[in-house]
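With the hints as constraints, model all of the structure from the sequences given.
Residue numbers (the numbering used here), protein chains in the order written: chain D, 1 to 450; chain A, 1 to 562.
FYI, nobody ran anything at the bench for these hints, they're computed from the structure.
Among these hints, one or two may not hold up.
Label pairs and their computed distance ranges (CB to CB) [unchecked claim]:
hint: 1; chain 1: D; residue 1: A450; chain 2: A; residue 2: R81; range: 53 to 63 Å
hint: 2; chain 1: A; residue 1: G223; chain 2: D; residue 2: A271; range: 26 to 36 Å
hint: 3; chain 1: A; residue 1: G416; chain 2: D; residue 2: K143; range: 24 to 34 Å
hint: 4; chain 1: D; residue 1: R237; chain 2: A; residue 2: P442; range: 26 to 36 Å
hint: 5; chain 1: D; residue 1: R248; chain 2: A; residue 2: D172; range: 31 to 41 Å
hint: 6; chain 1: A; residue 1: A139; chain 2: D; residue 2: A208; range: 20 to 30 Å
hint: 7; chain 1: D; residue 1: R248; chain 2: A; residue 2: P143; range: 32 to 42 Å
hint: 8; chain 1: D; residue 1: K143; chain 2: A; residue 2: P442; range: 42 to 52 Å
Ideal placement from N, C-alpha and C gives every residue a C-beta, glycine not left out.
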Amino acid sequence: MSRSTLSRRRMLRGALAGLEISVGLPLFEAMSNAHGDALAAGGALPRRFGIWYWGNGMKVSRWTPTGTGAAWTPSEHLAPLAASKSYVNVVTGMSLKTGDPRAHHSGQVGVLSSAPLIAKPPAGGAPFASTFKLPSLDQVAAKLVGGETRLRSLELGITRRNNRGEGSGLGYLSHNGPDSFNPPETDAAKVWNRLFGAGVRPGGGVAAVTLALRKSVLDAVKDDLGSLRMRVGAADRVRLDQHLEGVRALEKQIVATREPGACAMPAQVQAVADGAREPVEDQNRVMSDLLALALACDLTRVFSVMYSGGVSSTIYWQLGIGEEHHGLTHNEPGDQPKVAKITTFIVKQLAYLADKLRKTPEGAGTLLDNVAMLVTSDCSEGREHALTEYPLLVVGRGGGALKYPGVHHRAPGDNVSKVLFSALRAGGAPVTEIGLSGGKVSEGCREIEA
Amino acid sequence: MQLAYGLVVGLAVTSTFACTAQTAPMADESDQGGAGGHDDEGGSGGDEVLGGQGGGAPAVFTPPVPTLRLLTERQLGNALRDLLGPRATLPPDLNLVEDVGGLEAVAASHLALPARSVERIHELALTLAQAAVAPENRAALVPCQPANPTDETCLGTFVTSFGKRVFRRPLDEAQRTRLIAAGRAVWKVEADFWSGVEAATAAMLASPYFLYRVELGRDAADGGRTFDAWDTATRLSFLLWDTTPDSDLLGDAEAGRLNADAGLRKGVDRLLGSPRATATLRSLLAEGFHLTELDRVTRAPDRFPAFTSSLRAAMQAETLAVIEDVALTRDADVREIYDTRTTFVTDELARLYGLQALGQSTPTRTQLPDGPRVGVLGHASFLTLGAHATATSPTVRGKLIRENVLCQTVPSPPPGVSTELPPPSGKAVTMRERLAEHRATPACAACHALIDPLGLPYEAFDPIGAYRTDDAGKPIDPSGELEGTSFADAAELGALLRKRSEPGTCLALALLRNASGYVEGQGQEAAVAALLDRFADGGFRVRPFVEALVASPFFRRAGRLD
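This is how it looks when you write it as structure tokens:
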């Protein structure tokens with residue numbers, strides 16, 4: 001079959017009963033040229049930006065690898081990443097400079113948005129509450145590249161014992177701005193529905209009437225928003241505009257008939273049931289598999305995995321540990337071997353995703369070749385909520401923008417925000433400046449850039 | 001009886017961080033952000049001291065710009081059930097907007113819906129609409145029989161009648177046309193009458209005219225705006241029943257019966273007479289006790305085996321029952337909740353309190369014996385919320401009292417300070433001793449001298465509210481101090497609170513803000529003072545206060561639009 005050089009949009013847009021539809025197909029089949037390494041229209045394969053985040057930090061002495069440059073040796077915590085090591089850039093020694101140090105809050109908000117937090121009145125028994133001042137980095141990317149795909153961004157959650165009582169700054173990763181967040185989805189079945197659209201049946205199509213119904217509802221709601229907008233005050237106009245943006249995002253998601261077998265669509269996924277013994281590894285596997293699929297099918301190019309948040313109280317029964325994570329970071333004495341064990345286990349979950357992305361073919365290489373995934377936490381040493389020796393990995397090749405094989409770079413005292421900048425750019429978001437105050441940077445960390 | 005509620009307590013400190021306990025909102029509301037930006041239109045008085053009574057405050061009531069009020073999750077659930085029947089339920093964890101602290105009703109006036117929430121709402125609307133047109137539900141939903149599969153007349157009749165209930169007022173022509181067009185668009189693909197109804201229904205449920213309370217009023221001669229009859233019906237219904245106006249109330253609005261005071265009072269009486277009002281007012285009064293936060297509390301089963309999920313539920317039910325009994329059933333002075341010995345316990349809770357089991361798994365009335373445990377601050381709910389996983393927190397308990405009983409703002413700890421308690425050391429083993437550092441260091445004492453002494457009496461109760469006499473092997477000293485008055489234990493503190501005005505006015509302010517949707521500020525001081533004076537003069541009773549509230553300008557008037 002010969003390929004004409006149709007633009008991506010023309011190839012994928014079709015018409016069904018006069019409705020506009022868009023379909024995600026595996027990139028390779030749809031758009032690669034004969035050599036499988038570029039879109040037919042002459043552009044490069046799209047890059048993806050993601051964040052993989054866990055709460056409560058690590059043990060610095062067990063995190064920092066030995067050796068620098070390409071010849072680094074994985075440390076105790078980073079050992080699970082050995083198989084994907086060539087795709088991992090490690091930066092150690094940096095400090096988070098976004099300011100206003102508040103245990104867990106300033107780390108989480110600072111590293112995820114490169115900006116200081118907004119303090120909020122704490123509720124109930126909490127000592128503090130916060131929200132984000134700026135959008136989180138995934139939404140920075142989504143704003144720039146999210147319009148290209150059916151889903152602007154994808155937010156996934158793995159563990160469920162997160163602290164939701166101290167404001168959205170601690171409760172959620174992905175933010176659009178102050179008090180406006182995108183909650184991570186922890187129900188795998190709901191993720192499946194979101195990716196493949198409600199009403200899509202495996203191997204089958206979507207009823208045209210379902211599509212017509214959804215579209216007619218969106219049209220009516222858009223008009224209602226428009227008419228109401230003319231009657232309200234200034235502050236309300238801004239609120240309705242945000243509502244309208246949400247409706248417009250839904251319009252992009254209307255999906256039409258899928259060819260059976262396209263995009264290796266899996267059978268309907270069941271949610272991983274929660275329980276007193278949280279099934280973290282099962283959940284991580286299912287979610288990671290779905291994420292790989294979403295990226296491979298180009299359903300989105302921006303993602304975040306909130307493995308756990310700051311002050312996470314997950315109990316790692318799998319490791320024979322009965323105390324919850326956050327409490328342990330403060331109460332376990334000495335060198336904290338249990339905390340160390342938990343941290344390495346968490347990296348093992350990350351490694352599953354990294355391996356999965358590495359084993360998913362794309363073009364002439366792998367999906368991981370075109371991903372830049374920032375991996376970080378809300379502090380380094382959990383006991384002190386330390387913001388120095390910050391944990392930072394950038395996983396993936398970033399379409400060639402990142403060093404490959406990945407390096408270990410020591411940068412004592414340097415600004416964490418530089419790595420955030422590099423990750424964003426490597427992930428395809430053409431930023432020229434990010435962040436605020438101490439987190440405001442317009443250059444990246446050269447040593448991990450190709 | 002004049003109230004001196006413009007209370008400022010200053011404390012000379014050696015640090016630059018001044019801690020003053022000011023009578024202020026239940027929480028700092030002035031920072032409500034969302035995409036709506038910071039609302040400075042006079043409605044967010046925030047943490048300013050409300051002007052002293054009398055001299056200086058202008059008598060003309062100047063309310064803020066009216067804003068859209070997002071339906072809370074509870075209101076959404078109630079409205080959907082009232083519109084579509086008992087099977088119309090919300091999915092768990094709908095979480096449309098974040099709990100940003102402060103009153104739900106005030107947050108609802110500021111927050112915007114992020115994209116994921118819009119998505120969730122649309123999914124919900126589509127699901128509910130699909131169920132609504134199931135064959136067994138059609139007769140209840142649509143008042144006419146379609147003459148043919150694309151009967152626009154019947155669709156129009158449905159849109160008019162159902163739309164009025166969903167949008168809480170008659171539809172204008174543009175809205176009506178829009179909804180009929182939605183049905184027609186689906187008929188183009190499949191000529192089935194009920195698919196058209198489904199589309200129109202989903203469009204109504206996903207509409208901003210349903211999801212937000214659109215109470216914008218009309219321009220009035222005096223330069224402000226007044227709420228019309230439909231606005232008033234909606235405000236009455238959400239204040240007292242937490243749901244969309246029923247057909248009686250909509251009929252009252254249509255007939256103009258809510259325009260005059262007499263008609264409005266009748267409406268209030270009817271609504272107040274229903275158990276729905278009891279349930280609503282009880283939740284509103286309890287909001288400051290953070291009972292839903294108890295759902296997030298965990299305790300290690302080996303340390304606190306008594307802390308089961310049924311015990312937790314009993315704790316929440318106890319506080320709700322006492323508030324209902326004092327404030328609503330008996331229509332008594334609401335401050336009695338702080339020193340009453342009447343409570344409502346299940347067997348599990350009775351066991352925790354060391355009481356005779358009554359053989360009941362549902363909350364049953366009983367009397368607390370003489371001792372330090374009195375009132376809602378002696379409830380396991382408050383005591384558990386004011387504790388960490390393995391230790392009590394006098395600071396948190398004291399803070400809860402300052403903020404939710406006395407309506408005073410407590411500032412956050414300064415940046416860079418670790419809030420971790422030092423571990424027990426040689427001389428400091430009891431919690432009181434370990435907290436002594438708070439009061440020894442001047443920079444900490446500024447605030448902690450105001451907070452800790454209120455929480456320390458509750459050291460007589462452990463992290464799940466069981467009575468104890470020792471802490472780390474030493475006897476507990478349950479004494480404390482409030483603004484110069486010492487008290488020997490928690491029971492004496494309860495009695496002290498019962499005699500002060502703040503514990504009453506704090507609850508009244510919560511109801512006011514729920515009704516108005518904003519924290520009162522400049523231009524409303526005189527009206528607030530008048531309302532609170534009436535409340536105190538009337539014996540701090542909730543039901544008369546609600547009537548006064550509905551008759552007040554807060555309920556009837558709004559500012560000009562900008």
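So, going through the hints one by one against the coordinates:
{"no.": "1", "hint": "A450(D) - R81(A): 53 to 63 Å", "verdict": "59 Å, holds"}
{"no.": "2", "hint": "G223(A) - A271(D): 26 to 36 Å", "verdict": "56 Å, violated"}
{"no.": "3", "hint": "G416(A) - K143(D): 24 to 34 Å", "verdict": "33 Å, holds"}
{"no.": "4", "hint": "R237(D) - P442(A): 26 to 36 Å", "verdict": "48 Å, violated"}
{"no.": "5", "hint": "R248(D) - D172(A): 31 to 41 Å", "verdict": "24 Å, violated"}
{"no.": "6", "hint": "A139(A) - A208(D): 20 to 30 Å", "verdict": "28 Å, holds"}
{"no.": "7", "hint": "R248(D) - P143(A): 32 to 42 Å", "verdict": "35 Å, holds"}
{"no.": "8", "hint": "K143(D) - P442(A): 42 to 52 Å", "verdict": "48 Å, holds"}
Hints 2, 4 and 5, counting from the list given before, are not met by this structure.
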